[in-house]
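Novice: The residues making up each chain are set out below.
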Amino acid sequence: MKGAHDLGGKSGLGPISPEHDEPVFHHEWEKRAFAITVACGFLGQWNLDIARFARERMPDPEYLASSYYEKWIYGLGLLLVENGVLTEDEINQRMDEMTAHENQ
Amino acid sequence: MSILRADKVWPTLRKGGSARMVDKGKARFKVGDSIVAKQFNHSGHIRLPEYVQGCQGIIAADHGMFIFPDRHAERVKEAQRLYSVRFEAAEVWNDLSRRDAVYVDLFESYMNAR
Amino acid sequence: MSSKHKHAVPASEIEIKVKALESLLIEKGLVDAQALDELIDIYEHRVGPQNGAKVVARAWCDPDFRERLLDNATAAIGELGFEGRQGEDMVALENTPEIHNMVVCTLCSCYPWPVLGLPPVWYKSAPYRARAVSEPRSVLEEFGVKVADDVEIRVWDSTAEVRYLVIPMRPEGTDNMNESELANLVTRDSMIGTGLALAPGETQ
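Residue numbers (our numbering), protein chains in the order written: chain A, 201 to 304; chain B, 256 to 369; chain C, 209 to 412.
Just so you know, the hints here were simulated from the structure itself, not pulled from any lab data.
Predicted model, so just to flag it, every value in this text is computed and none were measured.
Treat the hints with care, since some could be wrong.
Stated by the list, open to error - Quick list of in silico lysine to any residue cross-link-like pairs, SDA-like style, CA-CA up to 20 Å: (1) B:K285 x C:L406; (2) B:K263 x C:I248; (3) B:K332 x A:G244; (4) C:K354 x B:S352; (5) C:K332 x A:E288; (6) B:K263 x C:S317; (7) A:K210 x C:S317; (8) B:K270 x C:V355; (9) B:K263 x C:G292; (10) C:K236 x A:K202; (11) C:K354 x C:L406; (12) B:K293 x A:G209; (13) B:K263 x C:K332; (14) A:K202 x B:S352; (15) A:K210 x A:D260; (16) C:K332 x A:F242; (17) A:K202 x B:Q294; (18) B:K332 x B:K263; (19) C:K236 x A:M298; (20) B:K332 x A:F242.
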């Protein structure tokens, strides 16, 4: 599939800016995002290539603006719903509950 | 559905899951052969980057048989031969002053003999 | 932003989404909360570039190991106990005075986890994935590495399941150093090919 993920040779993306003494994870949510994605891979509902393809289906502008684990979570959400593990409604409802809780 | 339990995490990661398949069948290409990477424009998963499509390369190594990701993304497990292919930077980036090279791992069906 | 600061800084949508997914998955018994902690601990503390550094230092000290590593990297790396996920099929690339190797994954962010751990942000970033193949010399300069004009740069794009480990050149003046001292000179970036091994006494 042609898309933003096929980055080799693309221009205009700016400097690389390596970070000195970079931590493995930058935020608590990244740790959780990493772990739930790897753990869900073992549910046996999809394989690694299906998972890669799910991340590639992120719309181009969003793909380029997203961090690595944001792409992982986009892909994981898609895979969980498409494979009937969770429904979109229950994810949205839980997110609403969590947002309400955060705003208390 | 199988659930990954805490005590199985380390052994499971250590074991991994190789995509390597039994090496059988005749290789279409051998080391040193000249190939051209095909041009693709389909909506599925593919591991052939656009920047080498249409470019000429040389087979640098035969990695053996691996699960073909394009079909695996459609839940079909097929084996296909994987090669390391050397492309000259001068050819890929259309700049004769370049003398570096890019090595790309390409499946057999991504290439035509040249 | 950690949850500790939730009243000072509102949680972002991605934080909320991750929490929502995690809580639903745990509630349904589809993921084991302790397994999540174990996964995080492994890649934060147990698996990282210190593993790859041991492989490189061994290759510098032991010519037979070096030969096995170049012949069958997966098996040789396995001798040191490093194996598994995202390193099931390894290839070692040796830098020489004539050839400098560097590794990228232009299509996603493939990386040899058992020897290097999880990839740094820059390796996964669009600029590196785009430019490593098309302008490796200017990329290397951004990392402070100047490769002489007569050295050939080979960029390896990890487009399939083969994972690459660069064996940097052994620095000058290290003849009297032992394997574990040498391992301290082997940086993560030197094993990706965006850096060189440190000289004795040099720090990152």
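Novice: Work down the list of hints and note, for each, if the structure agrees.
Specialist: Cross-check of the supplied hints:
For the hint linking B:K285 to C:L406, the alpha-carbon distance of about 39 Å lies beyond 20 Å, and the restraint is violated. Distance check on the hinted pair: B:K263 and C:I248 sit about 14 Å apart at the alpha-carbon level, within 20 Å; holds. For the suggested pair B:K332 and A:G244, the alpha carbons sit about 14 Å apart, so the restraint of at most 20 Å is met. Our distance criterion of 20 Å between C-alpha atoms is met by C:K354 and B:S352, whose separation comes to about 18 Å.
Proposed proximity of C:K332 and A:E288 is contradicted: the alpha carbons are some 28 Å apart, above 20 Å. Pair hint B:K263 plus C:S317 does not hold up; C-alpha atoms about 26 Å apart against a cutoff of 20 Å. A threshold of 20 Å between alpha carbons decides the hint, and for A:K210 with C:S317 the separation of about 16 Å falls inside it, so the pair holds. Restraint check for B:K270 and C:V355: not satisfied, since their Cα atoms lie roughly 38 Å apart, outside the 20 Å limit.
Between B:K263 and C:G292 the CA atoms are separated by roughly 13 Å; this keeps the pair inside 20 Å, and the hint holds. The suggested pairing of C:K236 with A:K202 is violated, with an alpha-carbon distance near 36 Å, which exceeds 20 Å. For a cut-off of 20 Å, the pair hint linking C:K354 to C:L406 stands: about 14 Å separates their Cα positions. Distance restraint check for B:K293 and A:G209: the Cα-Cα separation of roughly 18 Å lies within the 20 Å cut-off, and the hinted pair is therefore satisfied.
Distance restraint check for B:K263 and C:K332: the Cα-Cα separation of roughly 28 Å exceeds the 20 Å cut-off, and the hinted pair is therefore not satisfied. Among the hinted pairs, A:K202 with B:S352 is inconsistent with the structure: their alpha-carbon atoms are about 29 Å apart, more than 20 Å. Taking the CA atoms of A:K210 and A:D260, the gap is about 13 Å. The hint holds against a cut of 20 Å. Taking the CA atoms of C:K332 and A:F242, the gap is near 23 Å; set against the 20 Å cutoff, the hint is violated.
For the suggested pair A:K202 and B:Q294, the alpha carbons sit about 11 Å apart, so the restraint of at most 20 Å is met. Restraint check: the Cα-Cα separation between B:K332 and B:K263 comes to about 26 Å, which exceeds 20 Å; the hinted pair is violated. Distance restraint check for C:K236 and A:M298: the Cα-Cα separation of roughly 17 Å lies within the 20 Å cut-off, and the hinted pair is therefore satisfied. Taking the CA atoms of B:K332 and A:F242, the gap is about 17 Å. The hint holds against a cut of 20 Å.
Going down the numbered hints, you'll see the structure goes against 1, 5, 6, 8, 10, 13, 14, 16, 18, while the others check out.
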